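A.B. asks: In case you want the letters, here they are:
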Amino acid sequence: MATLKELSKVQERFVGGHRLCAGCGHGISVRMILNAVEDANVVVGCATGCLEVASTIYPYTAWNCSFIHNAFENAGATISGVEAAYRALKKRGRIDRDFKIIAFGGDGGTYDIGLQSLSGAMERGHNIVYVCLNNEAYMNTGIQRSSATPVGADTTTSPAGKVIPGKQQPRKDLTAIMAAHNIPYAAQTAIHSWQDVHKKAKKAVEVEGPAFINVLSPCPRGWRYNTEDIVEITRLAVETRFWPLFEVENGKWKLNYKPKKYVPVEEFLKPQGRFRHLFKPGNEHVIKAIQEEIDRRWLALLERCGETPELPPR
Amino acid sequence: MKTKVALTGNEAVAQAMKQINPDVVAAYPITPQTEIVQIFSSFVANGEVDTEFIAVESEHSAMSAAVGASAAGTRAMTATSSQGLAYMFEVVYIAASLRLPIVFPVVNRALSGPINIHCDHSDAMGLRDSGVIQLFSENAQEAYDNMIQAVRIAEHPDVRLPVMVNMDGFITSHAMDVLEVIDDETVRNFVGTYVPEDYLLNAENPISMGNFDMYDFYFEHKRQQVEAMKAAKEVIKEIGKEFGRISGREYGLVESYKLDDADVAVVVLNSAAGTAKGVADELRAKGIKAGVLKPRVYRPFPHEEIREALKGIKAVAVMDRAETFSTCGGPMFADIRNALYDLKNDIKVVNYVYGLGGRDLRLEHVEQVFEELENIRKTGRVDETVKYLGLRE
Ligand SMILES: Cc1ncc(C[n+]2csc(CCOP(=O)(O)OP(=O)(O)O)c2C)c(N)n1
Ligand code: SF4
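Order-wise, the sequence lines are chains A and B. Count the first sequence with the numbering used here and you get residues 1 to 314, in order. Count the second sequence with the numbering used here and you get residues 1 to 393, in order.
Because the hints were derived from the structure by calculation, they are not lab data. Remember, predicted model here, so these are calculated numbers, not experimental data. A couple of the hints might just be wrong.
[To be verified] The calculated label-pair distances, taken between Cβ atoms and stated as ranges, are: (1) A/Glu-123 <-> B/Ala-175: 32 to 40 Å; (2) A/Arg-19 <-> B/Asp-158: 30 to 38 Å; (3) A/Lys-172 <-> B/Gln-38: 33 to 41 Å; (4) B/Thr-193 <-> A/Arg-97: 52 to 60 Å; (5) A/Arg-19 <-> B/Cys-328: 54 to 62 Å; (6) A/Pro-271 <-> B/Thr-324: 51 to 59 Å; (7) B/Asn-46 <-> A/Arg-19: 48 to 56 Å; (8) A/Leu-7 <-> B/Gly-113: 53 to 61 Å; (9) A/Met-1 <-> B/Asp-158: 38 to 46 Å.
Every residue gets a Cβ at the ideal spot worked out from N, C-alpha and C, and that includes glycine.
Could you build the full structure based on these sequences and the hints that come with them?
C.D. replies: Here you go:
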């Protein structure tokens with residue numbers, strides 16, 4: 001694997017001048033992922049959302065590669081069209097250069113409104129990489145819940161009120177849904193580990209056929225933690241097994257990281273404003289339910305990965 | 001070389017698509033368009049075209065993929081009807097604003113609800129303000145001819161807009177018709193190879209498309225779309241003439257039928273124009289000076305041509321196969337009345353809404369319209385501005 005020093009020499013395709021908030025996970029994710037294409041040509045497709053709105057304010061662009069934004073829910077289909085065009089032009093001898101074709105969508109544009117379009121693209125087997133920049137809510141429209149929002153989170157459409165303590169439903173397991181499309185590569189990663197992101201992005205761009213990466217991409221505004229703590233928050237998401245790192249290669253599930261000890265989910269929840277209400281008396285049951293759900297899903301994941309289904313030592 | 005063949009409208013459109021051999025086609029089935037997709041996929045399967053065919057999971061994705069493919073630098077097409085066009089709605093606006101020359105046949109069908117699979121123009125009219133060019137076709141021959149011209153119109157450097165080629169569901173799409181097809185080579189030479197200016201797959205010159213506009217640019221971009229529409233009028237006429245040279249069939253923005261000395265006229269789109277022409281012939285034999293105006297292009301709207309064609313007429317009936325629920329008639333009625341306003345000739349213009357959901361337009365309905373126009377002409381009096389033809393009331 002390339003060293004950080006080597007990676008720093010790769011051509012930047014997402015450059016300064018964008019207007020993402022300071023400490024936004026999206027800029028970090030996109031740079032890390034695009035690093036993996038090294039010196040190939042790239043076309044980036046993008047769903048409507050924070051990344052698109054902040055990076056393409058006309059007449060400027062923060063994209064040092066070809067970029068297309070179509071609408072909120074159709075990044076999957078749009079990028080399918082680009083990929084089909086690539087094949088058509090190659091076949092007809094009208095271009096000779098190689099391209100990597102990559103789409104980015106937020107969790108809203110991917111888990112919810114864009115799921116149909118993404119599923120279609122995966123099923124048809126286009127040679128694309130689709131990356132979900134998962135900040136667990138619709139941040140661009142002001143922090144509304146999505147089906148990626150975790151239980152208990154306070155969002156503007158799942159507010160923590162007097163009788164309902166934040167979001168009620170556990171999040172959808174999109175990575176598993178993508179893997180169930182029998183695509184050659186699906187993975188879940190998080191930005192605190194550049195090695196993990198890089199390794200997975202590299203596999204995804206190199207594989208023939210569709211690849212999917214779900215990257216936990218925290219949003220200091222929506223999650224309400226200190227901007228400079230983004231790496232630490234992400235690390236806690238993984239250490240608490242709230243966001244496990246795994247990959248599914250040609251149907252084979254593999255766990256990429258096993259925490260050494262049992263870290264209770266409170267450590268991840270506590271620094272974030274979106275979970276503050278859970279630490280008030282009367283809401284203990286919500287944290288308990290979140291922990292139970294994490295443990296249950298962890299054991300199921302280990303089983304899928306062919307590992308002994310056991311919780312980390314306390 | 002030209003050959004006479006018997007084809008349905010859907011077959012004629014698929015035939016045109018085969019001869020054009022687009023780079024990418026993305027499509028989804030819907031009655032009465034389905035056959036186009038089916039026939040075209042058999043061309044792909046049999047190697048008669050080398051198009052990349054994307055059997056998408058919805059019309060929304062069909063237009064989205066066409067946008068991606070066109071932006072990437074290819075000649076891209078899709079096809080649809082009714083609910084499918086409604087489902088594309090959002091993306092059609094985007095295709096137009098990105099100035100992508102996507103060509104797509106629309107086999108006109110009523111919009112739900114209630115659900116109905118038969119012909120009317122509510123689907124096309126729902127997209128009339130989206131920024132696409134809209135061509136209408138009286139029969140299979142015109143659908144075929146329009147498809148071939150649409151490619152050139154869409155890609156013209158002064159235009160660069162999507163073009164929608166309309167024809168009537170079942171009436172044109174499924175009825176067998178005799179038409180003349182042009183040989184493959186002539187069509188291929190006529191449409192040429194698409195040479196995009198800026199496109200995603202240009203390694204030398206990467207481009208950002210679909211950027212976010214603030215109030216400082218959005219308005220100007222919309223104005224530029226209007227300019228492209230204006231330019232399209234000349235382009236459509238030029239290409240219509242050029243097409244005449246390879247086919248013997250010349251096309252303009254409108255078709256005037258016996259209007260030169262007419263007293264009364266109906267204005268009507270698509271297949272019903274054929275019915276109206278037949279009735280006008282019969283009435284002429286009886287000494288009534290009847291004529292028909294068939295707009296071939298509905299967007300951009302040919303105001304000048306329509307004004308010119310109708311300026312000597314005393315009473316005009318605009319026949320709409322769609323409702324607007326404005327409570328003042330159909331969409332074309334508003335446009336035609338607007339076009340005639342400046343003439344100050346006191347032309348009486350009335351509206352007939354007909355054929356919704358596939359209701360037959362019978363010869364006697366058109367006769368009734370001309371009869372009522374004659375009455376208006378003689379008395380100078382209009383009792384009812386908007387009427388419904390062939391409706392149980
Ligand atoms: C059809 C449609 N519905 C709603 C919107 C409004 N909208 C734009 S971005 C967005 C949320 C984006 O959230 P997400 O995909 O999670 O990306 P993020 O901004 O959080 O990165 C919404 C609801 C839209 N543009 N289009
Ligand atoms: S609101 Fe959140 S996701 Fe959006 S730019 Fe700011 S930090 Fe990034």
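A.B. asks: For each hint, tell me whether it holds in the structure or not.
C.D. replies: A quick look at each hint next to the structure:
A hinted range of 32 to 40 Å holds for the C-beta pair A/Glu-123 and B/Ala-175, which are about 36 Å apart. The supplied range of 30 to 38 Å is met by A/Arg-19 and B/Asp-158, whose beta-carbon atoms lie about 35 Å from each other. Range check, A/Lys-172 to B/Gln-38: about 35 Å between beta-carbon atoms, so the 33 to 41 Å window is met. Look at B/Thr-193 against A/Arg-97: about 19 Å separates their beta carbons, and that is not inside 52 to 60 Å.
Between A/Arg-19 and B/Cys-328, the C-beta spacing of about 46 Å breaks the proposed range 54 to 62 Å. Hint check: A/Pro-271 to B/Thr-324, Cβ distance near 56 Å, so the stated range 51 to 59 Å holds. Checked against the hint of 48 to 56 Å, the C-beta distance between B/Asn-46 and A/Arg-19 comes to roughly 51 Å, which is consistent with it. A hinted range of 53 to 61 Å for the beta carbons of A/Leu-7 and B/Gly-113 is consistent with their spacing of about 56 Å.
Taking the beta carbon of each, A/Met-1 and B/Asp-158 are about 52 Å apart, not inside 38 to 46 Å as hinted.
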